[in-house]
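> Here is how the chains run, residue by residue.
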Amino acid sequence: MARSKIFEGFVERLEIVDYEGRYDEKEIPKLSEDSLFKLYELMLKMRMFDQKALNLQRQGRISTYGSLKGQEACQSGLALNLKKGDFLAPSFREHGIMMAIGIPLHNIYASWKGDERGNLFSEGINCLPPSIPVGSQLLHATGIGMALKFKNKDEIAVGFGGDGATSEGDFHEALNFASVFGARTLFFIQNNQYAISLPFAKQTNARSIAQKALSYEMKSIQVDGNDVLAVYKASKEAIDYIRKESKPYLIECVTYRMENHTTSDDHTKYRSKEEIEFWLKRDPIERYKKFLTSKGILNEAKEKSLTSEIQKWIEEEVEILENMPKPKPTDIVDYVYSDLPWYLKEEREFLEKEEKNNG
Amino acid sequence: MARSKIFEGFVERLEIVDYEGRYDEKEIPKLSEDSLFKLYELMLKMRMFDQKALNLQRQGRISTYGSLKGQEACQSGLALNLKKGDFLAPSFREHGIMMAIGIPLHNIYASWKGDERGNLFSEGINCLPPSIPVGSQLLHATGIGMALKFKNKDEIAVGFGGDGATSEGDFHEALNFASVFGARTLFFIQNNQYAISLPFAKQTNARSIAQKALSYEMKSIQVDGNDVLAVYKASKEAIDYIRKESKPYLIECVTYRMENHTTSDDHTKYRSKEEIEFWLKRDPIERYKKFLTSKGILNEAKEKSLTSEIQKWIEEEVEILENMPKPKPTDIVDYVYSDLPWYLKEEREFLEKEEKNNG
Amino acid sequence: MGNTEKITIAQAINQALFQAMEKDENLIVMGEDVGKDGGVFRVTDGLYEKYGEKRVIDTPLAESGIIGTAIGLSVGGFRPVCEIQFMDFMYPALNQILAHVARYRNRSRGKYPIRMVIRMPFGGGIHPPEHHSESLETPLLHTAGLKVVAPSNPYDAKGLLLSALETDDPIIFMEPKKIYRAFREDVPKDYYKVEIGKAKVVKEGKDITIITFGATVRTSLDAANSLSKEGYEAEVIDLRTLNPLDIETILKSVEKTGRAVVVHEAPKILGIGAEIAALIQEKALLSILAPVKRITGFDVPFPLPMLEEYYLPNKERIVKGALETLRY
Amino acid sequence: MGNTEKITIAQAINQALFQAMEKDENLIVMGEDVGKDGGVFRVTDGLYEKYGEKRVIDTPLAESGIIGTAIGLSVGGFRPVCEIQFMDFMYPALNQILAHVARYRNRSRGKYPIRMVIRMPFGGGIHPPEHHSESLETPLLHTAGLKVVAPSNPYDAKGLLLSALETDDPIIFMEPKKIYRAFREDVPKDYYKVEIGKAKVVKEGKDITIITFGATVRTSLDAANSLSKEGYEAEVIDLRTLNPLDIETILKSVEKTGRAVVVHEAPKILGIGAEIAALIQEKALLSILAPVKRITGFDVPFPLPMLEEYYLPNKERIVKGALETLRY
Ligand SMILES: Cc1ncc(C[n+]2csc(CCOP(=O)(O)OP(=O)(O)O)c2C)c(N)n1
Ligand SMILES: Cc1ncc(C[n+]2csc(CCOP(=O)(O)OP(=O)(O)O)c2C)c(N)n1
Ligand SMILES: [Mg+2]
Ligand SMILES: [Mg+2]
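Protein chains in written order, with the numbering used here: chain E, 194 to 552; chain B, 194 to 552; chain V, 367 to 694; chain C, 367 to 694.
If you're looking for bench data, these hints aren't it; they were derived computationally from the structure.
Built from N, CA and C at the ideal position, the CB exists for glycine as well.
Hints may be right or wrong, so weigh each one.
[Said to hold, decoys possible] Sample of chain B residues with no beta-carbon within 10 Å of chain E, all distances over it, derived:
no.: 1; residue: I199
no.: 2; residue: K231
no.: 3; residue: L237
no.: 4; residue: Q386
no.: 5; residue: E496
no.: 6; residue: K497
[Unchecked claim] As a list, the in silico DMTMM-like pairs of lysine to aspartate or glutamate whose alpha-carbon atoms are at most 25 Å apart:
no.: 7; chain 1: E; residue 1: K521; chain 2: V; residue 2: E682
no.: 8; chain 1: E; residue 1: K546; chain 2: C; residue 2: E648
no.: 9; chain 1: E; residue 1: K412; chain 2: B; residue 2: E452
no.: 10; chain 1: C; residue 1: K477; chain 2: E; residue 2: D524
no.: 11; chain 1: E; residue 1: K462; chain 2: V; residue 2: D411
no.: 12; chain 1: B; residue 1: K466; chain 2: B; residue 2: E205
no.: 13; chain 1: E; residue 1: K521; chain 2: E; residue 2: E547
no.: 14; chain 1: E; residue 1: K519; chain 2: V; residue 2: E682
no.: 15; chain 1: V; residue 1: K402; chain 2: E; residue 2: E452
no.: 16; chain 1: B; residue 1: K395; chain 2: C; residue 2: E419
no.: 17; chain 1: V; residue 1: K686; chain 2: E; residue 2: E547
no.: 18; chain 1: C; residue 1: K595; chain 2: B; residue 2: E547
no.: 19; chain 1: C; residue 1: K402; chain 2: B; residue 2: E201
no.: 20; chain 1: C; residue 1: K681; chain 2: C; residue 2: D556
no.: 21; chain 1: B; residue 1: K412; chain 2: B; residue 2: E547
Pulled out of the complex, with its shape left as it was, chain E reads as follows (with noise of 0.2 Å):
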């Protein structure tokens, strides 16, 4: 035959329920009523813990922050189907799911301060500190993915990046090195629908993202990212089959970054109300609230006494921040190399008389 199809793919979307609390009840994932609870909570803790970051920097006591408001359901979604060892890669908007492995707060906070120590998590924590060069990381994370898979480990990694990552070369390497080592690598992609000021639209001319992974003969799905359960369930189906098959995993979760882009952006610049509050109606937690008030499962007393203990660990954790000993000038050289150069050796002379100077 002169004409044959050599390939044919698709993409499936899922969401479960919908944004005025609608759901399907087959599709509702079997969790017990703890760990339904369980989501609503981190969801909460990310939202708050966000809120302070918001205040903490118009107040001056951290720098520069990147708010992950809008994203928190993708963020839980994913973190309840990890388990201890697992690694993660993450871009700076990933405050979410670091907690939620276990990172404290004034780790992440120091790192928005400015201070090197706050990405110095401890033993057992398999995190990199949050990359900045959009998309580097994803190779990092396909690397771990393939280590974990040589060494015959039950493990795997995730690897994040935003829709603009999906435009830098390393995405397509991460993704290709991926599928040719069956790396144990879960690449989780959350399309908030901006890069900064660019539109999804512009920063490709494909309607999803998930359907790049057929570039690679690798599985995909898009999910509606602020529908929490949906996020979980396919999240579960990812891991599962990465644990079991040792291959990699693509997941796009369609959100929306609710806020500035960092507290350096301005995005009524590039963004209509009607398209914020389109969003806002949308919010995951508002959504999932009202799926878990249904359900009998939260109520105004829960959500007072939950509320009250996250801003109560917050506190405490804010305090742990601005409680931390200065960071020492010779701190710039002492982490470069395993030993010293001679020539650290004399600029950290220096620096150690300026640190004198200054008291």
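Using the hints, position chains B, V and C with the ligands against chain E.
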């Protein structure tokens, strides 16, 4: 609905004349006998040019050389669809198409001899010098295709790459930009099964390169790259589409590199005799010869006179090559900037003296 | 040029872009967020509204893509002005910049000059996250085929950019982001040019030469003031162009003062100070009374904000270094 | 170490890889064509046959991919030895090398040191197509967090590589491709190490110091011989490690001879010669009797083979430069 299909895509393959000369009459492109013959002539020129280059290299008359043997159908089938003004961004194995658009052979030989003057194509020849960093030129082809679009031109740009090139991040970025901006660019990928020693199956986990266009909602097709009529027809469809729609297109030609990667390579280290023989049977020139002979367009006498004509032409070009005056040492500084900074003036003076000393 | 107005560096660059786009219809601006958003530093503000999305192009997030397609656009007759959002993010584009932008003219024996300006905000002092503070001129200066320009004030910023936009070579245009809006200066409203390749003596002095560029020009002037109080008159040179260096102005000054310090934010090892020190000892060894001193960032990654002040060369370090050199 | 055999640099590196893989089960080799093909220079020959495709990994054609995944593999417990086929092709990997490999230790305050060696054949003299001849050490030397090593002979090649493979910092291992097989030397069969950070005086002399590394060590020795005939005894220093530079050995020699030339293939502007000249005048100004001279590649893209000989610093240029320095 909880789960819905959000994307479906497929890729086709085109093959017209099989390697035993069988074909489906109605798929044969409507070409005059002259044009059908011209395709053969082009292929033969390329093959003979190539053989001469290999000989010159062996005799030390040119330097390292990369053979295009086996890929003549790809480059000839495309060539017949280009028109004056179309712009090429070649990689290092595109001598065939470069000859076909009118670049004198001695230029091409000169580059491989190690003489930058070989890259100076005359006014009216729209072709970048071959690009050595794999995949990088695809972005130039995108940019030129954008320029043609922005300037409302009728011309198109063609970016060339091998199967290996599709792994570089630049391939991804080139296709993404092209699709977002509607570049008038044809991505012409010659999948010759190898990137030096790496077989296609290890380059990517995908069964085709053509399917990678789905990531960008770009049109694409896979074609039997050893079937010149199939390449001709697919290229025609693609180029007509680009000219009319001002959108990019990707063609994957499945072919085989019949020679070493370059004259520095030894392909017996990584390829089996059986494999090489399998592909020898699919030699694009032999295959088309059978077809033309069966059509009465080619016979032994014609072939003979054609061969000796080409032979003569090549010898003349080699003579031009070998009569070129030596390049001047000062050439190494004279083309770097539009003017000479002071330090290059100093260096130029030194080189001028060297030149005098050496006679 | 009688008609002037007091504007900042950011405004001066913005004005240059407006005037150059008006003059040259093939000039296009491209990069991440340069359109609707006007750039994260608002340097391209208003261009999108005036010239539209065909000439002010918001690109996908891919630096290699930006520079690689700009090469094609240049070959296709345009003159692209690319913005790399922060100099630190030039890394993914280095293959395109170093292997192609810098080499097409030479490779094609003159047929394909690359007319392109790449704007890159550089340097510290804005308290950002990692990778938003570096001064990465070294690999660009080491690569033949690029010219590198770095203004320190509004007048030069506008005049140098307008020159760059008429040059037939690729130009890296480094913008000192810390002082984008730090001060205003009288700048002619009209179109004018400042010659590329010429340094400027911003303060005359007879005792020591301070050589610098970008944001540290002002720090160096401060240091010169302090030195004055100690009885030493420092001459301060603003390089303005980093390649080609204005060797004449440097040597003339050093031959007069006999002493020099170079100040820059990049690390010391193979920072531009190394080249300047090497050149001075090469061409004026007998005139120098003390070693050329380098007062630079340390040889470490640029620290996060809490330790940034210890990294950056400040007035005190410059004064101290100058005094050591004076008392050598 | 009694037991030696006469082998080439390529063989010495190959032997080091075999011995290190034997010793360290987490050591993996990866890159383009390093497996079945044994590398385009055959430096990894035989490893694939012995250790299989799990430890000797042919990667897809993507340099950023190679280095980026190697970072993950290092974090995941392996020690990757990556090959960049020609140093020129490190450009696409520079984001990963400069922004990540060099910085993970510092960024994580020590938690994630990157144990990795990146092998890169460098330099001219093999008459290849474009982009196969450059010496691109400058951007790597300027970047804190990397160590850079460049042997010039089989003994050092093996010993330095074995040291590198035990170091907890990322190491760039530059291999002088022109002399991969140019000569053989006695090399111990056993496992041994050459200390990183130590230069070697390969010829003693009292009149002038020639400082160099890689393939130009031999050219410099030839030049020293010619100088001998003219009555001058040159001391030749093989740097062996480019970062950290062995400042002690350099200063000791220059303080003795009072004159120095630096020889390298990279362009002059901000080539390593600039750093060395700057350091010498900084630390030994009163000892030098003439400017430190830089004998280097010109400030142009590396030419194609027909003009390559004019670009590369050769014996004649070194002798001429040394004589100028001696007669200053
Ligand atoms: C390589 C690189 N280029 C540019 C930037 C500047 N920058 C920081 S975030 C960002 C947008 C990222 O968009 P996306 O990937 O969608 O993530 P989001 O911010 O939406 O979470 C840009 C352009 C960067 N950090 N790295
Ligand atoms: C960026 C880069 N990396 C490595 C090389 C070395 N190299 C030259 S050709 C080649 C293989 C190219 O394979 P492919 O793209 O399939 O083209 P083909 O040689 O088969 O025509 C390699 C690895 C290079 N030229 N550029
Ligand atoms: Mg986004
Ligand atoms: Mg190929």
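> Hint by hint, which ones does the structure fall short of?
Those not satisfied are hints 1, 9, 12, 19, 20, 21.
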